[in-house]
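One line per chain: the protein sequences are U and S, in this order.
So the first sequence is residues 157 to 500, counted in this note's numbering.
So the second sequence is residues 758 to 1296, counted in this note's numbering.
By construction, these hints were calculated from the structure, which means they are not laboratory data.
Being a predicted model, the structure only gives us computed values, none of them experimental.
Mixed in with the good hints there might be a few duds.
What the hints assert, rightly or not - Which residues of chain S face chain U? A partial, calculated answer using Cβ under 8 angstroms:
(1) I1006
(2) T1015
(3) L1019
(4) D1035
(5) Q1037
(6) E1040
(7) V1147
Said to hold, decoys possible - Which bits of chain U does chain S cover? Going by a derived footprint, with three or more residues having C-beta under 8 angstroms, they are:
(8) 211-225
(9) 246-256
(10) 330-340
(11) 381-388
(12) 449-455
(13) 460-470
No residue lacks a Cβ here, since even glycine has one placed at the ideal position from N, Cα and C.
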Amino acid sequence: MTTGLGATLVRAGRRLLSSLPALFGVLVFTFLLMRVLPGDPAVFFASGPNAGKEEIEQIRKQMGLNKPVPEQLVYYLSDIGHGNLGRSMMTGQPVLKDLRERLPASLELTFTALLIALIAAVPLGVVAALRPGSAIDHGVRLFCALGVCVPTFVSGLLLIYVFYYLLGLAPDPTGRIDVFTSLPPSRTGFLSIDFLLAGDVEGWWAACRQLMLPAVSMALFVIAPLARITRASMLVSLGSDFVRTARSVGLSWYKVVVTYALRNAILPVITIAGIVFSTMLGANVLVEKVFSWPGVASYALDALLSSDYAPVQGFVLLMASLFVLVNLVVDICYGIADPRVSIE
Amino acid sequence: MRFVSFRRATSVLAATILLLVATAPSQAQTRAETLRYVTGAAVNTLDPNIPGSTRESFALSMSTYDRLVAFGRKQLNGKWVFDLDTITGELAESYDVSPDGLKLTFHLRKDAKFQDGTPVTAEDVKWSLDRCVTAPILGKAQLLTGSMTSADQFKMVDPLTIEVTLPKPDKLALPNLATVYPIIINSKLAKEHATTDDPWATAWLKEHTAGSGAYILETFKPGEQVIIKRDESWNRGSASKPAFFKRVIIQSVPEPATRANLVERGDADLVVDLQASDVQSLEAKGKLKVISTPQYNAITFVSMNNQLPPFDNVNVRRAIAYALPYDDMFKAALFGRGAPLFGATWPDGKPLTGIYPFQQPVKLDLDKAREYLKAAGLPEGFSTTFSFNVGQSSTAEPMAALVKESLGKIGIKVDIQKLPDAQMSTQINEKKLPFYTEGIVAWLPSTDYFYRNFYTGNQRWNYSSINNPELVAIAQEARFEPDKTKYEEDGRKLNAIHNSEMPQIMLWQPNQDAVMAATIEGYTYEFHRQVDYRDLSRK
């Protein structure tokens, strides 16, 4: 007999293994897709005022585009095997270095946004489910609808306008830290953690202030699905036999709602949170652009517009790997939330 | 319960406000001595010669490296712009041109030092210029336009004198040495990092600087920001003293509205790439200094592929030229911020000037356009596409809509194509686009240079793919024409051909709108269309 933890780990390992073929597929597919797309990166990057045919050939050679596609693919796969994702023409840096620097920025933003969204959405959903059809329920619905209707860049620009431009409360929306603040030694890449590790409270506060507006504008957008799913799931849970029983034996309101109903209702919320997280990571490009956040999504978009192959391929691979990881974490969370669950 | 719900619903916002209140941003005391420049683009290499380097990289290299010579500046309609005709020494204390124009001799400054403290010698200059014409880098094609093609042309006379020999007396040789690419590199330092595969240390110089420029690189985060600090011993500026600002922060802020907010709030000192609408409203508020200079070395076109039917017919091209709603386009795309290149009147039908670009005698005249279409044998019109790239959409999108509407009136059906930048440049290079809008820029704007580079040969920059032997012959001849009156005459001939052939339609020269804090002084429009940080100071 394996213990509960052991079983979870074995399950996680098996899951991880079974996702490898999918990752490989993503790798090859992205590689081919980038080459099928119209647009020759060599021509784009040779745009100096005198760049002619010779310069274009030069760049093509530099990017390895002068070789036939199958040969390029073999080189690419062998490079990946050696942990080399290629070099970005756009930033002039190795893609791996770019991603390593930018991923923590995106993760920090997304985690914060998700946290804000969950803290806001779960109580909202629960309150709405407790009084379905009431003014509160409608209020929550209205709030969610507004959150979804307003695209993130609009809410972002709006927040900037109010909190930075009009009120002057927020710091200038340019990246992760005020340009005049010196950075802490990079340990985790998460500025809020690095500052704390360095014991620099002022710096930590500056980083948090910088993080707030983009995180809130992202959170506003995802509160809706989380709150709605919490509400729906709570309604089912509240109407079930065990809640009726719990009520009938006179358990406290808190015990009935939180311990019994909510714990049973939380599974779909976790699933959605996982999906929302992965989507946010890739789709927060607008927020990253508006707040000049040096994250991976805006990096990938810029690369895509200029047909810079290596960064786009690196980004897709990174996203696919993260997706696998997030799903894994969601699976493990299932096990913790509901010990009966065992997904094989 | 109503209140509970209200509280919960707004908890997020309330928390935010709490977090944002309190402490004002801690600013260093040196804020007044720091220049914060924000831009939508980014620096991607420290050596401007690397293929693919951006305009921001060009601008950075102007401050981190010195060249032998530099352009002076002059006032044009009350605004400072670079002056192609005044070439001052930078690393060269003085220079001589031999009477036959075949020899340029440069005398180096005795006190010039690289940023690592070693003196700048003729050996470094020779190595740097050799690199520029030998290594597979951007400088090669640039120096070619000044008749510098081989390392043999650069000779060390003594440790402080260098001689450049030319095959022909080329007017553009000296100005070429003041452009972005021929940077003078610390050759000892660079050679330490050269490899057999890379004898010119291009890989190392891409990520390190080894120059004698006014500013020393402090941090370089590609795609995010670059911080440079002043070199106190630098004295190559016109005033013979170090640059004004102690530090310059060059920060990438992709969203134009945010850039506008930053400069309006005083958090940024200078920005040159705002949207025309933002510039207009900032100018109206009057708090900031707005310096608008028509980019007199850049032109925006509506181009037609002269080899593709129906645009191979000159009458079709003329019809288009008379069917564009110039004034509306100028207002919609640029809010009128620029210098128009349409609507001239030529009393005797001859060009008024030998300078290119010139104002063309075209205006919206649909009846005339219909006549030309009839003459072309296409009275019913035809269908075509009009393309522009995503990067230009803020100006090109409203313009394209007006083109479509107006051409529709004479029976030409236009489909608007918005292409990603890389795709657009590929299609232009392959000569596949029939009808589109694009822009050009020349660092050394002279009439023959424009015609030779943008109207000659089967190459990418010949947008209209025009193939006119007469035009090519005159332009080539004009290149080495020492006599100014004859040069002017050649220019008029070329302009007359342009107007009768109408290979493409010049629209305007957009303004460079530099928006800056009221305290910033010395802004100059430079040939690379970016900011030269060395020009600036604070009151």
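Count the residues of the region 460-470 of chain U whose Cβ falls closer than 8 angstroms to any Cβ of chain S, and tell me whether that reaches three.
holds (count 4)
Please verify that hint: I1006 of chain S, Cβ, nearest Cβ of chain U, below 8 angstroms or not.
Interface hint status for I1006 of chain S: holds (5 angstroms vs cutoff 8 angstroms).
Is the interface hint satisfied for Q1037 of chain S? The criterion is a beta-carbon contact with chain U at less than 8 angstroms.
violated, 18 angstroms
Do three or more residues from the region 381-388 of chain U put their C-beta atoms closer than 8 angstroms to C-beta atoms of chain S?
It is violated, with 0 qualifying residues against the three required.
Hint E1040 of chain S vs chain U: min CB-CB distance below 8 angstroms?
violated, 18 angstroms
Next item in the hint list is V1147 of chain S. Is there a CB on chain U closer than 8 angstroms to its CB?
holds, 6 angstroms
Hint check, D1035 of chain S versus chain U [nearest Cβ-Cβ separation less than 8 angstroms]:
violated, 13 angstroms
When the nearest CB of chain U is found for T1015 of chain S, is that gap smaller than 8 angstroms?
holds, 6 angstroms
Mind checking, does the region 330-340 of chain U have 3 or more residues with a CB under 8 angstroms from chain S?
holds (count 6)
Are there at least three residues in the region 449-455 of chain U whose beta carbon sits under 8 angstroms from a beta carbon of chain S?
Since three or more residues must qualify, the claim that chain S covers the region 449-455 of chain U holds, with 3 doing so at under 8 angstroms.
Quick check: do three or more residues in the region 246-256 of chain U have a beta carbon closer than 8 angstroms to a beta carbon of chain S?
holds (count 5)
Double-check L1019 of chain S for me: the hint is only fine if its C-beta lies closer than 8 angstroms to a C-beta in chain U.
holds, 6 angstroms
The structure fails to meet hints 4, 5, 6 and 11 from the earlier list, while all remaining hints are met.
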